Amino acid sequence: MFLKKIALAGAFSLMGGAAFAACSYENTVPIKSLSAGFEAWKAVTDAMAECGNFQAELDQEFRTKQPAAFEANPSLYQIGGVSNGTITPLINAGTIRPLDDLVAKYGQNLTPNQLIRINGEIMAVAMMVNTQHLMYRSDILADLGIEVPTSWDEVYAAAEKIQAAGVVDYPLGATMKSGWNIAQEFVNMYPGFGGKFFNDDNTAAVNSEAGLQALATMQKALAFTDPEVLVSDSTYVQQQFQQGKIAMANLWASRAGAMDDAAESQVVGKVAMAAAPTAVAGGAPATTLWWDGIVIAKNISDEEADAAFRLAMEGLDAETVQGANEAAIWLVQGYEPTDIAAGAIATAMATPAPPAYPSTTQMGLMHTALGNELPAFLTGDRDAEATLVAIEEAYTTSAKEAGVLK
Amino acid sequence: MKFKTFAAFVGPSVFMMLLFIAAPLVSVFIQSFQVTQPILERVEVETCTPGFLTQTCTTETKTIPVLDDNGKTMTQTAWVGLQSYRNVLQMDKFWEAVGNGSWNDIMQIDFWKALRFTLSFTLLTLPLVIGVGLAIALAVNNASRTIRGPVIFVSLLPFIITPVIGSLSIYWLFVGDGILTAMMERWTGTNISMFAQAWTIELLMYFYRVWHVAPFAFVIFYAGLQTVNMDTLESAVIDGASRWERLRHVIIPHLMPLIVFIALIHLMDCYRVFEEIVGFRSQAHVISLQWLTYDFMTPDDAGNRAISRASASAMLTMIGIVFLLILPLRRTWRDHKGSAH
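For the record, the sequence lines run as chains A and B. Going by the UniProt record's numbering, the first sequence opens with residue 1, and the numbers climb by one from there. Going by the UniProt record's numbering, the second sequence opens with residue 1, and the numbers climb by one from there.
Treat the hints with care, since some could be wrong.
Said to hold, decoys possible - Below, a list of computed lysine-lysine pairs in the DSSO-like style, where the Cα atoms sit at most 30 Å apart:
no.: 1; chain 1: B; residue 1: K93; chain 2: B; residue 2: K72
no.: 2; chain 1: B; residue 1: K113; chain 2: A; residue 2: K65
no.: 3; chain 1: A; residue 1: K298; chain 2: B; residue 2: K72
no.: 4; chain 1: A; residue 1: K32; chain 2: A; residue 2: K406
no.: 5; chain 1: A; residue 1: K65; chain 2: A; residue 2: K298
no.: 6; chain 1: A; residue 1: K196; chain 2: A; residue 2: K161
no.: 7; chain 1: A; residue 1: K298; chain 2: A; residue 2: K42
no.: 8; chain 1: A; residue 1: K220; chain 2: A; residue 2: K270
no.: 9; chain 1: A; residue 1: K105; chain 2: B; residue 2: K72
no.: 10; chain 1: A; residue 1: K270; chain 2: A; residue 2: K32
no.: 11; chain 1: A; residue 1: K400; chain 2: B; residue 2: K4
no.: 12; chain 1: A; residue 1: K400; chain 2: B; residue 2: K93
no.: 13; chain 1: B; residue 1: K72; chain 2: A; residue 2: K65
no.: 14; chain 1: A; residue 1: K406; chain 2: A; residue 2: K196
no.: 15; chain 1: B; residue 1: K113; chain 2: A; residue 2: K406
no.: 16; chain 1: B; residue 1: K337; chain 2: A; residue 2: K400
no.: 17; chain 1: A; residue 1: K406; chain 2: B; residue 2: K72
no.: 18; chain 1: A; residue 1: K32; chain 2: A; residue 2: K105
no.: 19; chain 1: A; residue 1: K32; chain 2: A; residue 2: K42
no.: 20; chain 1: B; residue 1: K2; chain 2: A; residue 2: K220
no.: 21; chain 1: B; residue 1: K4; chain 2: B; residue 2: K337
no.: 22; chain 1: A; residue 1: K32; chain 2: B; residue 2: K72
no.: 23; chain 1: B; residue 1: K337; chain 2: A; residue 2: K196
no.: 24; chain 1: A; residue 1: K65; chain 2: A; residue 2: K42
no.: 25; chain 1: A; residue 1: K400; chain 2: A; residue 2: K65
no.: 26; chain 1: A; residue 1: K196; chain 2: A; residue 2: K220
no.: 27; chain 1: B; residue 1: K337; chain 2: A; residue 2: K406
no.: 28; chain 1: A; residue 1: K270; chain 2: A; residue 2: K245
no.: 29; chain 1: A; residue 1: K105; chain 2: A; residue 2: K298
no.: 30; chain 1: A; residue 1: K270; chain 2: A; residue 2: K196
no.: 31; chain 1: A; residue 1: K245; chain 2: A; residue 2: K220
no.: 32; chain 1: A; residue 1: K400; chain 2: A; residue 2: K196
Just so you know, these hints were derived from the structure itself, not from any lab. Since we're looking at a predicted model, the values are computed, not measured.
Only chain A is shown next, with the shape it has when bound in the complex (with noise of 0.2 Å):
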């Protein structure tokens, strides 16, 4: 009995889910999608599936699954949610098509910013901009008559007195998870002294000057975080936010809206965004600038395209923006941006602007290895120029190996 009315219930939230509630056609064609796991698409992929017929899946892991369910003939989805980040692979392997005819016959209310083009055609569409910025307590700065720190200098400096007051538990958040995660934070960092990643002939160069720099400055924020950083990833921080626990954080701006959302939030209205904080003063605010946005498989028919990027549409509308205004740094049009989108759109438009996100074949070899090599320097296994020899001799072997080092 019990059992029947689960199952009950699980039907009609299963054809609540399905109501063509705000839908203005009826989709016919079964679609599904996969895509990353966060608010904005939460919001996007809700819009969507009002017009039936649609499958979401949100997974924070889709990097590692879309390639091969793309290669798949035919794909195992027709709609994929990508980032500048995560696009390369379905770029290299050709799984993903051209979406000019589909733009002019669907795509009225795009903006040219939101089209991606490559070598000038359209392979996807972007629906928000992603970066880091600094995420502050107001409250607690304003408290302590400290001004909104612009670079890491400052931020560390704020951090102490924050430390010396002891209203939080530790003053700074930051993602630093063994992996991609700290990989990132060093991606962020390393361009803002002036490093480049590689030398013409695709070898590696972190080994320099800006390296140890980025390096001791990463360091630096140990003193101020949690002691078990080296597990944090970008919910672990977000929880920290939440429960009033950090004081500040360089964090993604999908992040935000969650600071205001008073089910999960103890520090509603709280929170203030700031731009980046920069590595040098007066340089590109130490952080990289991503995309995210839509692609359209290649290995479905036309029909099914066809289909999939009309409901892309509707999820891309002004109404879905309008839902969920705090979601995203939108591209949409009906975007109105709040207060929580300052400190994104400060980083976005600095003078000096931080680089985009270097995505390709070469970069994913060097996030991996930095993501392996660094934590053994933040534990104090190994020192700052020992690290940055270990990072340049991983890459050079995985670069052999993939074909991109002689």
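Take the given structure of chain A and dock chain B to it, following the hints.
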């Protein structure tokens, strides 16, 4: 039995074993000597990225794979001999570190770091699992009949939990201010961070594995205890043997084949330690051989995977298991031969 009947019975299992065990093993073995690379070309690519207001387009030289007429990536496979093994083992760095007499330098090489942990994890938990399993079995065997059923059921529970879920629960109990950390902090009055240094993480891993596997040992030993010869035990009692002496001279020799069996299974299982690494997110401090293979296999954002090194690492793991199993297997073999006479 007629050969035909025998073949009909055994055939399907042999076929399955060849298909699902031998064939993949052979393929991994072959791949560990090969490197498959996409054919790459350097081309000028113009990429446009949205800014918040306007788009920036940059032209740069990118290294990208060449696609064939069907839109598939063109690859070439070359035999590289032991190169992948060299890349995993990094013997030159290893000997250099040995020459410097620096343990810390050896521990900076992923493979040796992983091997150190995997071995100590396997060998330290082995006596604990056998000891704890035997202790529970003896306790249950001596418990009164009325409560025996429920006690067996409760003791078995840790074994039922999926390892990933189990290690995740331990992680959430002890991370930051998880319930147990918060309790210990209140108790001791100091700030405790179990996941900030390697030795506490390792301690939790040992604890978790013993907690998880001891019930398995317990069930086997409990079954074994039912077959202990009562006459021998009674005569031991009459001869004035103490509890300990009875255990030492009657019960344990009787259970020896089972102890070897548990040791075999445990060595094989433990050498593949993986769930704890992922569940405890311990990669910054502690890694295992199996995790190393997984790390090579995991594609990065650009879709690169180190398949050759993963294969080499997998083969090395298998060789390691074989080495570990030689000792208990030899014992079983001797016992087996002995009983045949």
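The hints, checked one at a time:
no. : hint            : verdict
1   : B:K93 - B:K72   : violated (38 Å)
2   : B:K113 - A:K65  : holds (29 Å)
3   : A:K298 - B:K72  : holds (12 Å)
4   : A:K32 - A:K406  : violated (40 Å)
5   : A:K65 - A:K298  : holds (16 Å)
6   : A:K196 - A:K161 : violated (34 Å)
7   : A:K298 - A:K42  : holds (24 Å)
8   : A:K220 - A:K270 : holds (26 Å)
9   : A:K105 - B:K72  : holds (29 Å)
10  : A:K270 - A:K32  : violated (39 Å)
11  : A:K400 - B:K4   : violated (53 Å)
12  : A:K400 - B:K93  : holds (18 Å)
13  : B:K72 - A:K65   : holds (18 Å)
14  : A:K406 - A:K196 : holds (21 Å)
15  : B:K113 - A:K406 : holds (29 Å)
16  : B:K337 - A:K400 : violated (51 Å)
17  : A:K406 - B:K72  : holds (23 Å)
18  : A:K32 - A:K105  : holds (21 Å)
19  : A:K32 - A:K42   : holds (14 Å)
20  : B:K2 - A:K220   : violated (77 Å)
21  : B:K4 - B:K337   : holds (29 Å)
22  : A:K32 - B:K72   : holds (23 Å)
23  : B:K337 - A:K196 : violated (67 Å)
24  : A:K65 - A:K42   : holds (19 Å)
25  : A:K400 - A:K65  : holds (24 Å)
26  : A:K196 - A:K220 : holds (22 Å)
27  : B:K337 - A:K406 : violated (56 Å)
28  : A:K270 - A:K245 : holds (13 Å)
29  : A:K105 - A:K298 : holds (18 Å)
30  : A:K270 - A:K196 : violated (37 Å)
31  : A:K245 - A:K220 : holds (19 Å)
32  : A:K400 - A:K196 : holds (20 Å)
In the structure shown, a violation is registered for the earlier hints numbered 1, 4, 6, 10, 11, 16, 20, 23, 27 and 30, in ascending order.
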